[in-house]
Amino acid sequence: MPETKKKPTKKVTEETIEGKWILRLYVAGQTSNSLIAFENLKKICEQHLQGCYYIEVIDLLANPQLAKGDQIVAVPTLIRKLPTPVKKIIGNLSNTERVLVGLDLRRVDT
Amino acid sequence: MARNPVAKKAKTEREFPKVKSGIKGLDEVTGGGLPKGRPTLVSGGPGCGKTLLAMEFIVRGITDYNEPGVFIAFEEKIEDLRKNFLSLGFDLDELVKKKKLVLDYIYIERSEIEETGEYDLEGLFIRLGAAIDEVKAKRIAIDTLEVLFSGFTNQGILRAELRRLFRWLKDKGITAVVTGERGDVSITRWGLEEYVADCVITLDHRVVNQIATRRLRVVKYRGSIHGTDEYPFLISSDGISVLPITSLSLSHTASMERISSGIPRLDTMLGGKGYYRGSSVLVSGQAGTGKTSLLATSIHSACKRGEKCLLLLFEESESQFIRNMRSIGMDFEPWVQKGLLHVNAVRPTAYSLELHLAIIMKMLKDFNPSVLAIDPISNLYPVGDDMQVRSVLMRLIDFAKSKNITGIFSSLTTEALVGSYSIEPTAMHVSSLMDTWLVLKNVEGNGERNRAFSIVKSRGMPHSNQLREFIMSDKGIDLIDIYQGSEGVLFGSARAAQESRERSQIVLRDEEIERRKRELERKRRIMDAEITAIRERFEREKDEANIQISQEKSREDAFAKVLDDMATFRQVDK
Chain A
1 MPETKKKPTK
11 KVTEETIEGK
21 WILRLYVAGQ
31 TSNSLIAFEN
41 LKKICEQHLQ
51 GCYYIEVIDL
61 LANPQLAKGD
71 QIVAVPTLIR
81 KLPTPVKKII
91 GNLSNTERVL
101 VGLDLRRVDT
Chain B
1 MARNPVAKKA
11 KTEREFPKVK
21 SGIKGLDEVT
31 GGGLPKGRPT
41 LVSGGPGCGK
51 TLLAMEFIVR
61 GITDYNEPGV
71 FIAFEEKIED
81 LRKNFLSLGF
91 DLDELVKKKK
101 LVLDYIYIER
111 SEIEETGEYD
121 LEGLFIRLGA
131 AIDEVKAKRI
141 AIDTLEVLFS
151 GFTNQGILRA
161 ELRRLFRWLK
171 DKGITAVVTG
181 ERGDVSITRW
191 GLEEYVADCV
201 ITLDHRVVNQ
211 IATRRLRVVK
221 YRGSIHGTDE
231 YPFLISSDGI
241 SVLPITSLSL
251 SHTASMERIS
261 SGIPRLDTML
271 GGKGYYRGSS
281 VLVSGQAGTG
291 KTSLLATSIH
301 SACKRGEKCL
311 LLLFEESESQ
321 FIRNMRSIGM
331 DFEPWVQKGL
341 LHVNAVRPTA
351 YSLELHLAII
361 MKMLKDFNPS
371 VLAIDPISNL
381 YPVGDDMQVR
391 SVLMRLIDFA
401 KSKNITGIFS
411 SLTTEALVGS
421 YSIEPTAMHV
431 SSLMDTWLVL
441 KNVEGNGERN
451 RAFSIVKSRG
461 MPHSNQLREF
471 IMSDKGIDLI
481 DIYQGSEGVL
491 FGSARAAQES
501 RERSQIVLRD
511 EEIERRKREL
521 ERKRRIMDAE
531 ITAIRERFER
541 EKDEANIQIS
551 QEKSREDAFA
561 KVLDDMATFR
571 QVDK
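Chains A and B are the protein sequences, given in the same order.
The numbering used here puts the first residue of the first sequence at 1, with every later residue one more than the last.
The numbering used here puts the first residue of the second sequence at 1, with every later residue one more than the last.
The set of hints was computed from the structure by calculation and includes no laboratory data.
Any given hint could turn out to be false.
What the hints assert, rightly or not - The calculated BS3-like cross-link candidates involving lysine-lysine, where the alpha carbons are at most 30 Å apart (straight line), are: (1) B:K170 - A:K68; (2) A:K87 - B:K77; (3) B:K362 - A:K68; (4) B:K99 - A:K68; (5) A:K68 - B:K83; (6) B:K172 - A:K68; (7) B:K100 - B:K136.
Can you build the whole structure from these sequences, using the hints too?
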């Protein structure tokens, strides 16, 4: 599952979301945290960003040199590359509230 | 005796293998280096030199021991590190190009990070692992790991991960230096010492009397003997130098060679041959007693023998010294030009004591003189207290002795015991470090001030216990006997006057003898004259008597003839 690139789902964009979301998930091998994080991310994206997101999963075990670019120390780390500014979220994304805050999606619900 | 080596051997076998850090002095303090394949924690406040120590450990490893290294910076950007270390002569770019060094800057900013559940620091491990594999590193420095604590909120995860990190480093067999910020109660603010149990070094930067001194201490070194004192260290143009006070041992071999002091009379007083080569000589005395001149005479004489001398002046400039010494008949200019004499004039307060020591030692190593002179060591006082000055001098003297360098030091005596002949107290109690101690004193009396000289001690040779008068003239220094006689001990013009008085008495006595001799001669002449006169009178009387005798005789003859004639006339029959 990791190392595969999720194709952007073509669906109608919600009015609060503009443009495309590019999310990058850094993991280190198929650990339970990696799997949980990916599942959680997919769930959140389907729920809030249906059709306009693009998830890139990078396995640092396979590409260790990529850790430098986004200054990855902890895994899993989710980087919101677009829209700017770049956001960094660490952990297995099990705290949905905090993920939404981290991705600036929280205000959608409120 | 036989048991000692065995015990020693067993000890070294038990000890961890060590890796030489390459940092001057640190390997002596740690008894051979840092624990091989294990992490060492270096803690200290800001500006203590943690980063430098960590970086020097890596750079020396590459340049001196061919051990590639990785430097992980959490606080400084690579570009800043490059610039900072270029000023210390470490060309990091060059080492990176040669594939010996990896510099990595890990940036953690809490405000940009949202924590959303469980995580670990595998990313860090992967980055370290990649960097280590890139150059096959044997050494790694992590500066400052504690940044992680401010970057992540989940302490439980962090601590578990740190423990894992140190275990991981050990498993990799990589020698690591990890720096940490000093804490108020613990060695490091976040208790890193909990994880790094093998070797802990603290750095400190203290300001005493407005002069800052850096100190290093090995707090803990599991399984190894190490120095536990605080050792001063310097950051100079070529990195860190730790100066272990006690690491110098008294094991230098003593030279039997003697060298002249430059003053024939002083050589005579020192058992007839002068100082021992490689010994330390202290010249102490009050202001204006001629310490510098005495010291200069010894240097002059060494230069004349073709030996190299290093002279450190704390009071005068080089040209002032040369001018002043010309007035007593010594010209140092040619020696300076020939490269035999190197003069270094600097105010003692220019640097801290430790830096002075390091600079002097560096000069000794570079110039390699056979005589070292410092004028005066007492001027080091504003820079450090008794203990510090003494320890610096001790190290300097030990170092000089190990190189067979003769040390001549002058020291100003502060207590003005005018007119007293008691032994001068040296303020810094350095005399015990010295092999030969010469004392100059002012002696006041008869409305003038004179200089008295004596040898308080001179180890390993018979030496004179006599007080001498120390005289400086345009012909140099001379030591002459003071007057000791019925009039007491006399110096200067009193001595001269007494001597001339004695001389005139001798003249008078000589004249008296002459007079007596002349008198006798005169008497002899009178006697001779009288003898002659008596003889003449005798001769005269003798002549007269002879004449009378002959007259009497002729008269007798005439009378006989007359009788004979008368008989003939009377026809006396016969």
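Verification of the supplied hints:
1. Of the supplied pair hints, the one linking B:K170 and A:K68 holds, its CA atoms being roughly 23 Å apart against a limit of 30 Å.
2. Between the alpha carbons of A:K87 and B:K77 the distance comes to roughly 21 Å, so the proposed pair stays at or under 30 Å and holds.
3. A threshold of 30 Å between alpha carbons decides the hint, and for B:K362 with A:K68 the separation of about 42 Å lies outside it, so the pair is violated.
4. Under the criterion of a C-alpha separation no larger than 30 Å, the hint pairing B:K99 with A:K68 is consistent with the structure, at around 18 Å.
5. A distance of roughly 21 Å separates the Cα atoms of A:K68 and B:K83; the hinted pair therefore holds under the 30 Å criterion.
6. Annotation: proposed proximity of B:K172 to A:K68 holds, straight-line Cα distance about 21 Å (limit 30 Å).
7. Annotation: proposed proximity of B:K100 to B:K136 holds, straight-line Cα distance about 8 Å (limit 30 Å).
Checked against the numbered hints above, the structure breaks only hint 3 and satisfies the rest.
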